[in-house]
Structure formats: structure tokens, C-alpha cells
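Asks: Here is what each chain is made of, one letter per residue.
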Amino acid sequence: GEDVEQSLFLSVREGDSSVINCTYTDSSSTYLYWYKQEPGAGLQLLTYIFSNMDMKQDQRLTVLLNKKDKHLSLRIADTQTGDSAIYFCAESGRYNNNDMRFGAGTRLTVKP
Amino acid sequence: DVKVTQSSRYLVKRTGEKVFLECVQDMDHENMFWYRQDPGLGLRLIYFSYDVKMKEKGDIPEGYSVSREKKERFSLILESASTNQTSMYLCATSRDGGGEQYFGPGTRLTVT
Chain A
269 GEDVEQSLFL SVREGDSSVI NCTYTDSSST YLYWYKQEPG AGLQLLTYIF SNMDMKQDQR
329 LTVLLNKKDK HLSLRIADTQ TGDSAIYFCA ESGRYNNNDM RFGAGTRLTV KP
Chain B
498 DVKVTQSSRY LVKRTGEKVF LECVQDMDHE NMFWYRQDPG LGLRLIYFSY DVKMKEKGDI
558 PEGYSVSREK KERFSLILES ASTNQTSMYL CATSRDGGGE QYFGPGTRLT VT
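Chains as they are written, first to last, in the numbering used here: chain A, 269 to 380; chain B, 498 to 609.
Bear in mind the hints are in silico, worked out from the structure with no lab data behind them. It is possible that part of the hints are untrue.
[Stated by the list, open to error] Partner residues aside, some chain B positions facing chain A, computed with beta carbon under 7 angstroms: (1) G513; (2) F517; (3) D535; (4) G539; (5) G555; (6) G560; (7) M585; (8) L587; (9) G603.
Every residue gets a Cβ at the ideal spot worked out from N, C-alpha and C, and that includes glycine.
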């Protein structure tokens, strides 16, 4: 089965909050990441969280980690049309930090 | 800023052709990766390299080979392209010890 799972689509209205969820299976994950991919571009790191943390905030972004349930979420406050993109959850640390596993990506659509 | 460049943004090749995809990075990173990205499947690791002339198979190496003759350059080779290799190919790099991966813009390959 999938090592990292996320829903494929999310649609919100401009100004609302978006919450993108991710579950993973490897309890030895060291780092968990959120990447953003805009149309026609590669992936860009948005934020990451170390596995001994349960929350990280960076301006409009809030990452929550529930290590017991192996659940990671990304909340985007005051979502803007420029936030429309695909968001990938990833984890690393199974064998070493080079072994990074990605989810399938959540396509976020922001309606005006 | 890390810069990761890929030789082509779009490529169209015929079945049976030999295809070279090239990735170049300018940050002296030890680790380089090739992924393919398909809708609903996310990123899947094809090969990675942790040093010059060193390579490791990823999750889906069949039909691909790689070459790393210089630290800054990592090539992905399709010996005999097939239609099921039509995909977006992404190159990434990271420092030794892993962690964040930096991505190139991607090459969209179509095999007809």
C-alpha cells in the first residue's frame, strides 16, 4: 500500500482557510515536508517539521503533526488565488534522509 | 540560491529511440535524484546518486539507466523509449545527509 496518502482534490473560496491532510505509515520518519508545485514548475519546499515537534507556524502556514496517529496537516490561512497549486506531503528518515517518500499530491483550487 | 536545471522543458520522442535527460546543479550537492510524476501517483523515485559514479535503484528503475560522471551532472537514460514512459521527469538534489530536496523545473516527455 501507499506509504504516504493524501486526498487528490480540495476546493476553497478566496479568503477561507484551507486544510490539506496527509497520513503516513513509517513511525521512524524523521522529517515531514510540504512541497508546493505551481503549474509547469518543479516542486518548491514550503515548510517542514521535525518529528519531535507537534506544530510549526510560518506566516499564513500552520503545520500540525500527530505522531501517534501518523497524521500531518497543512493549514493555509486567508487562502488566495495564488495559492492554487498541487501540494505534496513527503516524509524521510526511514533508512536515511535521502529516502524521501511523497504522497500523490493534493490539487488545491481557490475560487474567487 | 540552489539552481537545478534540466536540459529540456518539453520533449517528444518516438518509440524505440534512446533518450537522454540531463540535470545540472550549481550548489555542490552530493545527492541527486530522478523522479517521474504521474497524475494520482505522485512522485516515484527512479534512481538516485550519492556520489560521482555511484548510483542506487529507486522504486521503478526498470527501463531506465543513469550516469553521474561529474558531481554537478546527473543524466537519466531511456535505452529504448516506450509509450508508458510518457511522463513528467523531475530532477532533485540534496546535501549529504539528506533533508530538503531542491527540484528542477521538470521535463515533460511524450513518447509516440
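Asks: Hint by hint, note whether the structure agrees.
Replies: Cross-check of the supplied hints:
no.: 1; hint: G513; verdict: violated (28 angstroms)
no.: 2; hint: F517; verdict: violated (19 angstroms)
no.: 3; hint: D535; verdict: violated (9 angstroms)
no.: 4; hint: G539; verdict: holds (4 angstroms)
no.: 5; hint: G555; verdict: violated (9 angstroms)
no.: 6; hint: G560; verdict: violated (20 angstroms)
no.: 7; hint: M585; verdict: violated (9 angstroms)
no.: 8; hint: L587; verdict: holds (6 angstroms)
no.: 9; hint: G603; verdict: holds (5 angstroms)
The structure is inconsistent with the numbered hints 1, 2, 3, 5, 6 and 7, although it conforms to all the rest.
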